[in-house]
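Engineer: Okay, here's what each chain looks like letter by letter:
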Amino acid sequence: MDISRRSLFKTLLQGMGAGLLFSRRLPPALAIGEEPGRNESGPLITRVTRPLDAETPVREFTSFLTPNHRFFVRSHFGPPAPELISEAGWKLRVNGLVERSQEFTLKDLKQLEPVTITAVVQCSGNGRTFHRPKVPGVQWERGAVGNAEWTGVRLCDVLARAAVKEGAQHVQLQGADRPVMASVPLFTRSIPLAKALHPDTILAYEMNGRPLPVLHGAPLRAILPGWMADSCTKWLTEITVQPETAKGYYMETAYRMPVKPVEAGTISTGPSTPVEAMVVKSLIAAPHEDETVKVGPVTVQGVSWSGEATVVQVEVSVDGGKTWEPARLLGEDLPYAWRQWQWLWKARTAGPTTILCRAIDSRGDTQPAATPWNPGGFLWNGWDRVSVTVVA
Amino acid sequence: MMDGKCPLVALLAICLSGVAVVTAAQERDLTDVNAALARRGEGLLVTRCAVCHSQDLVSQQRLPRDRWLATIDKMKQWGAGISEEEADLLVRYLSARYHPGLPDQPVPADSERSQAEPLKTEPEAEGPVMGIANRGACL
Numbered sequence: 001m002d003i004s005r006r007s008l009f010k011t012l013l014q015g016m017g018a019g020l021l022f023s024r025r026l027p028p029a030l031a032i033g034e035e036p037g038r039n040e041s042g043p044l045i046t047r048v049t050r051p052l053d054a055e056t057p058v059r060e061f062t063s064f065l066t067p068n069h070r071f072f073v074r075s076h077f078g079p080p081a082p083e084l085i086s087e088a089g090w091k092l093r094v095n096g097l098v099e100r101s102q103e104f105t106l107k108d109l110k111q112l113e114p115v116t117i118t119a120v121v122q123c124s125g126n127g128r129t130f131h132r133p134k135v136p137g138v139q140w141e142r143g144a145v146g147n148a149e150w151t152g153v154r155l156c157d158v159l160a161r162a163a164v165k166e167g168a169q170h171v172q173l174q175g176a177d178r179p180v181m182a183s184v185p186l187f188t189r190s191i192p193l194a195k196a197l198h199p200d201t202i203l204a205y206e207m208n209g210r211p212l213p214v215l216h217g218a219p220l221r222a223i224l225p226g227w228m229a230d231s232c233t234k235w236l237t238e239i240t241v242q243p244e245t246a247k248g249y250y251m252e253t254a255y256r257m258p259v260k261p262v263e264a265g266t267i268s269t270g271p272s273t274p275v276e277a278m279v280v281k282s283l284i285a286a287p288h289e290d291e292t293v294k295v296g297p298v299t300v301q302g303v304s305w306s307g308e309a310t311v312v313q314v315e316v317s318v319d320g321g322k323t324w325e326p327a328r329l330l331g332e333d334l335p336y337a338w339r340q341w342q343w344l345w346k347a348r349t350a351g352p353t354t355i356l357c358r359a360i361d362s363r364g365d366t367q368p369a370a371t372p373w374n375p376g377g378f379l380w381n382g383w384d385r386v387s388v389t390v391v392a
Numbered sequence: 001m002m003d004g005k006c007p008l009v010a011l012l013a014i015c016l017s018g019v020a021v022v023t024a025a026q027e028r029d030l031t032d033v034n035a036a037l038a039r040r041g042e043g044l045l046v047t048r049c050a051v052c053h054s055q056d057l058v059s060q061q062r063l064p065r066d067r068w069l070a071t072i073d074k075m076k077q078w079g080a081g082i083s084e085e086e087a088d089l090l091v092r093y094l095s096a097r098y099h100p101g102l103p104d105q106p107v108p109a110d111s112e113r114s115q116a117e118p119l120k121t122e123p124e125a126e127g128p129v130m131g132i133a134n135r136g137a138c139l
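Quick note, the sequences are listed as chains A and B, same order. Residue 378 in our numbering sits at position 378 of the first sequence, and the numbers go up by one each step. Residue 80 in our numbering sits at position 80 of the second sequence, and the numbers go up by one each step.
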């Protein structure tokens, strides 16, 4: 199959069983079936207009790769001023506990060995709206996640140029995005040195074979495969090697999980730790919510992933979780990508039915019915559910 | 904004364009409505809060009073230019309008221009407020 990227993305736009076109290089996705109105709702569901927070309609997850224009967008402050991220104006500074502080242009970075990794990127708050009691923050439903092919350079190669000094423990990542008022804390994050030096941690300048779009962090975004997206700094301009974790609101207060479970609804003051790896999760991409299906065979399909483990099984229930049937895992098992799955449901009885799914990973972690409540509303991975109506 | 009309009329107008039916319980609720609070609240959301982010970030929350209080406090620390009195008014307005009992619903993108909804002046407790479950369907 010889299809240019351009026509391929055009096809994605048209929503025509896009995943099949990737079959030369990637695990096959399934045909989508009749889905009138697939394009009616627009490419993304806006949660916050300004700065933009928007999620992908879950029905898009019938394709293995999430196209760039349908990939969820999370902004703390929105894209930086154009001159800060233009090819001419942008630089990456590497400093702190290094022998040779230095600056890289995009051209400099592209001299280093390029690597491509297919990885799920997911907002820590994906599914926040399902926590009870309600937690303040962007009320994401199911689609603040996507699977893309990221191309860039290894962070360890960049750090090797600068030569990390003794005593280094953490790597601070700072983007060029700025709040409207200087009194708002910057979105400053840091990651442990071990994760920074992991050969799969990259600084990406391409997304699905295209230059990284501005909304996704152009020209350079950190990608930490297996970790939640709060560590995947967009519009990256400064890397500071440090003896300690970064200071500030977004490390010390936000994006943290209590170490011990807390009582639902309480403001915990106990020890907490930064949100890091993703937890085991699966989603139902088809049929979609409120769809009407006919008695007879119905293809139920979706995606599943786990941060630093492999999904070994996905199960589906149509009796409210009393009994579970194993789904078929499709394609290859790539370490950080999601895995598509499919289950053939023989729908017998007309009426409303709820389809549930849950994934189990290689560590034995199973998606729970509901995720334990936490004050930030992070890491939701409760059973996914879709309500359909079966008609004769 | 309410443009000075009687809130009952406004609510009926909104409901007539949709499918919701005003129940007796809802009608009783409406006697609690304080249109002046809604007008000032909506005004503050535009002039003081929309400086940094759109109002849909506010209207999608479903929070009890203490969480609204904490949120407004945080916004103030971060630079929201509101007086004590305005902060207090906003806490009252937001905890009456966007309380945990209000059903989830997708926030339409044009919610910045949406009409103010009649209120209960004070939510009794932090739990769901009963008797107004259908209210959201009017919007």
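In short, the hints are calculated from the structure, not lab data. Please note that the accuracy of each hint is not assured.
As the list claims (entries may be wrong) - Taking lysine-lysine pairs in the DSBU-like style, the calculated list, with each CA pair at most 35 angstroms apart, reads:
| hint | chain 1 | residue 1 | chain 2 | residue 2 |
| --- | --- | --- | --- | --- |
| 1 | A | K247 | A | K165 |
| 2 | B | K74 | A | K195 |
| 3 | A | K294 | A | K247 |
| 4 | A | K260 | B | K76 |
| 5 | A | K165 | A | K91 |
| 6 | A | K247 | A | K346 |
| 7 | A | K260 | A | K294 |
| 8 | A | K247 | B | K76 |
| 9 | A | K91 | A | K110 |
| 10 | A | K195 | A | K294 |
| 11 | A | K346 | A | K260 |
| 12 | A | K195 | A | K260 |
| 13 | B | K74 | A | K260 |
| 14 | A | K247 | A | K110 |
| 15 | A | K91 | B | K76 |
| 16 | A | K322 | A | K247 |
| 17 | A | K260 | A | K247 |
| 18 | A | K322 | A | K294 |
| 19 | A | K346 | A | K322 |
| 20 | B | K74 | A | K91 |
| 21 | A | K165 | B | K76 |
Engineer: Broken hints, numbered, in rising order?
Structural biologist: 3, 6, 7, 10, 11, 16, 21
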